[in-house]
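Chemist: This is what each chain is made of:
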Amino acid sequence: MSDVRVAGTGLTPFGNNPERTGRGLFAEASITAFEDSGVPRDDVEAVLYGNFMGELSEHQGHQGPLMAEAAGVQAPATRYESACASSGTAVREAVKRIRNGENDVLLAGGAERMTNLGTAGATEALAIAADDLWEVRAGVTFPGAYALMAQAYFDEFGGEHEDLAHIAVKNHANALPNEKAQYQRAIEVSDVLEAPPVSEPLGLYDACPISDGASALVLTSESYAEEHDLEAPVAITGTGQGGDRMALHDRDHLARSPAAREAGEEAYADAGVDAGDVDFAEVHDCFTIAEVLALEALDLEPIGEGISAARDGRTTADGEMPINLSGGLKAKGHPVGATGASQIAEVTDLLAGEHPNSEHVDGATTGVAHNAGGTVASATVHVLEVVEE
Amino acid sequence: MSDSESSVTDAGFDEWLAAAENNDAYYLECANGHGSLPPRLVCPDCGSTDLTEVKLPETGDIQTFTVTHVPTPAFEEDAPYATAIVDFGPVRLTGQVVGIDLEDVETGLTVELEITVSETTGERVISLRPA
Ligand SMILES: [Zn+2]
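Chains as they are written, first to last, in our numbering: chain Y, 76 to 464; chain X, 67 to 197.
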């Protein structure tokens with residue numbers, strides 16, 4: 076099976092830009108991705124686009140063709156929606172199409188416009204990633220659902236808010252040199268502990284911000300990259316997806332993410348690697364506890380021990396397994412539909428030595444991107460490897 | 067969702083809320099004994115379409131909980147409030163914890179089902195009261 080090359084990556088800055096439209100954001104990300112790739116727009120055979128709340132934030136459905144148009148591409152286009160894993164699933168479908176020989180060049184990515192909804196509106200929009208009848212109508216918010224998991228984790232494995240605070244501190248530190256990050260600002264453990272509570276035990280600094288932004292990837296087959304002499308040293312070598320019951324209360328585990336484990340196992344097997352081969356990862360830290368669950372699901376930390384990984388320095392930039400060198404969703408921002416593809420862009424740039432934090436993973440050959448939807452009823456995992464010096 | 071005759075209801079769910087208000091809450095049990103919540107035509111565990119209504123156990127235990135300070139607009143007047151996942155045995159339910167100080171809510175607490183209304187919207191809310 077041939078590898079899928081990441082020929083170009085493009086990200087808008089993530090942040091608070093309520094006036095920017097989804098189409099404007101995706102156009103900008105795609106321009107960067109095309110310039111980075113050297114691939115002409117005419118060669119793109121389809122656009123695979125992730126978006127979650129476009130109907131609510133922009134009164135806009137049917138975004139696939141709109142975004143192809145915004146990117147200047149004349150090709151069939153489809154929107155993928157899996158809550159916060161929307162563009163992770165879009166990239167996964169692109170990878171499968173290129174591998175099965177259906178396509179040689181695809182544009183995959185995503186965008187989200189959120190801040191124009193305000194905090195209450197965005198909280199409401201995010202909540203619909205949960206079960207409307209049995210969770211949302213009982214008052215469950217998106218942070219509330221993760222708080223339920225955090226409390227369950229504390230009860231089952233121990234740990235406390237201060238452990239989670241170290242994750243937020245680490246991810247903010249990682250974002251300092253990342254110009255695309257929403258927050259390029261260091262924080263202290265005390266900032267996290269003293270922040271206003273959102274849904275206990277989680278407070279304001281345990282949560283990722285509400286963000287606007289877009290991501291785009293130009294993906295090609297290996298043969299296309301070779302024929303056109305592209306500079307594309309990084310390939311997506313493994314893809315996986317997992318699923319779980321929609322409502323948190325229907326899950327087998329309240330303090331684990333079986334869907335992410337399933338996605339990770341599939342992606343590792345697909346790439347022919349295991350967790351021991353992974354040099355670093357971008358994981359879906361929409362809340363601090365989410366990073367813990369992701370590390371354990373990906374076998375990067377034993378079950379019940381992920382809680383101490385940041386505090387003990389295992390996952391910091393100079394630790395043995397740097398996690399979220401981009402700043403993660405926590406500090407880089409989380410424009411929901413853009414996130415999954417943006418993580419793949421960050422891993423690609425880190426592996427290619429083109430990221431402001433590449434020095435921390437000098438010589439790394441294998442990176443992982445983990446993207447979760449809702450309370451992880453959906454998850455995608457991608458393995459990326461350096462395939463060309 | 068209001069009780070007015072003109073409003074559209076959610077089949078299966080609103081009937082369940084009405085039953086719960088009359089102390090007749092139920093869950094669905096399939097031919098293989100799996101429990102689930104309506105509205106449902108198929109058992110999510112095994113695919114059985116032979117589902118029958120069985121009375122929900124009187125009490126359950128809190129498995130995890132949170133106190134939410136930043137709600138959606140539908141619960142603006144209700145915040146802060148506690149939400150819990152409660153294990154009733156055959157099924158688990160998510161609801162608001164009522165009739166107890168927020169700081170006294172804890173894992174393991176035994177509760178019973180009660181239907182209350184949102185202070186913000188007046189809509190019915192699945193709630194849980196210490197038994
Ligand atoms: Zn069954």
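Fair warning: there could be bad hints in the mix.
To be clear about the criterion: a stretch of chain Y counts as covered by chain X if any three or more of its residues have a C-beta under 8 angstroms from a C-beta of chain X, and this derived list gives those stretches [said to hold, decoys possible]:
| no. | region |
| --- | --- |
| 1 | 192-204 |
| 2 | 225-237 |
| 3 | 404-413 |
What the hints contain is simulated information worked out from the structure, not anything from laboratory work.
A virtual CB, placed ideally from N, CA and C, is assigned to each residue, including glycine.
Chemist: Each hint: holds or not?
Modeler: To see whether the hints hold, each was checked on the structure:
Interface restraint, the region 192-204 of chain Y with chain X: holds (6 residues with C-beta to C-beta distance below 8 angstroms; minimum three). Requiring three or more residues with a Cβ within less than 8 angstroms of a Cβ of chain X, the coverage given for the region 225-237 of chain Y holds, as 4 such residues are present. Against chain X, the region 404-413 of chain Y contributes 0 residues with a C-beta closer than 8 angstroms to a partner C-beta. That does not satisfy the three-residue criterion, and the hint is violated.
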